[in-house]
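In case it helps, my numbering puts the sequence shown at residues 35 to 193.
Hints in this document: simulated from the structure, not taken from any laboratory.
Don't take each hint at face value.
Distance condition first, Cα-Cα at most 20 Å in a straight line; then the derived PhoX-like pairs of lysine-lysine [as the list claims (entries may be wrong)]:
no., residue 1, residue 2
1, LYS130, LYS144
2, LYS67, LYS56
3, LYS146, LYS128
4, LYS104, LYS65
5, LYS102, LYS190
6, LYS60, LYS74
7, LYS104, LYS56
8, LYS78, LYS102
9, LYS146, LYS190
10, LYS104, LYS78
11, LYS60, LYS102
Cβ-Cβ distance ranges computed for the label pairs, FRET-style [said to hold, decoys possible]:
no., residue 1, residue 2, range
12, SER117, GLN64, 33 to 39 Å
13, GLY51, HIS95, 14 to 20 Å
14, ASN141, THR68, 38 to 44 Å
Since we're looking at a predicted model, the values are computed, not measured.
Virtual Cβ for every residue (Gly too), placed ideally from N, Cα, C.
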Amino acid sequence: CVCILGYAQNIRNTFFGCQLGKTSPKELVQKLKTLGYEVKWDTKNSFYIENVSFAGEEWNHCIFTFYKNKLLAVDFGLTHGSSSLFESFVSTAKEKYPNCVLKEITNEPKHKLISIQNEIACLGIGCNDSNGPDETILNLHYCDTALSMQQNDARKNDL
35 CVCILGYAQN
45 IRNTFFGCQL
55 GKTSPKELVQ
65 KLKTLGYEVK
75 WDTKNSFYIE
85 NVSFAGEEWN
95 HCIFTFYKNK
105 LLAVDFGLTH
115 GSSSLFESFV
125 STAKEKYPNC
135 VLKEITNEPK
145 HKLISIQNEI
155 ACLGIGCNDS
165 NGPDETILNL
175 HYCDTALSMQ
185 QNDARKNDL
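Produce the entire structure from the sequences given, and follow the hints as far as they go.
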């Protein structure tokens, strides 16, 4: 996505008092435990918490991913979302970031994904109901733009 004007509202880049692109795993775990969350390790570079309130919804989980010991991404997942909730989040993003262009990555009947980014952060909003409307998965994905670009460059160099 391309921001048309440089003074568009910034995409959120701070979660639970920790900033994308800056916070270490140790700092984030300490903060989450202080807030009363039980932290569960998912992989070497990611962990998650469950039952999270965010953006007016109760999310099943929130996954934190790291690159070079810095917080790369925060993903909120809701397993009983809906297409209408996806459309509501997209509409809100369009209102909140009017000077940015939302890019449709996928717009299939059962799988939709949009993204918007600026020089600081990226927001992806996804909806997948390929298992039926009762099992629709809704995701909000926030990532640090610069750190994500570093990770992509490293992948390209390794190929």
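Structure-based check of each hint:
no. : hint                          : result
1   : LYS130 with LYS144            : 26 Å, violated
2   : LYS67 with LYS56              : 19 Å, holds
3   : LYS146 with LYS128            : 16 Å, holds
4   : LYS104 with LYS65             : 15 Å, holds
5   : LYS102 with LYS190            : 16 Å, holds
6   : LYS60 with LYS74              : 13 Å, holds
7   : LYS104 with LYS56             : 5 Å, holds
8   : LYS78 with LYS102             : 12 Å, holds
9   : LYS146 with LYS190            : 26 Å, violated
10  : LYS104 with LYS78             : 13 Å, holds
11  : LYS60 with LYS102             : 13 Å, holds
12  : SER117 with GLN64: 33 to 39 Å : 38 Å, holds
13  : GLY51 with HIS95: 14 to 20 Å  : 19 Å, holds
14  : ASN141 with THR68: 38 to 44 Å : 41 Å, holds
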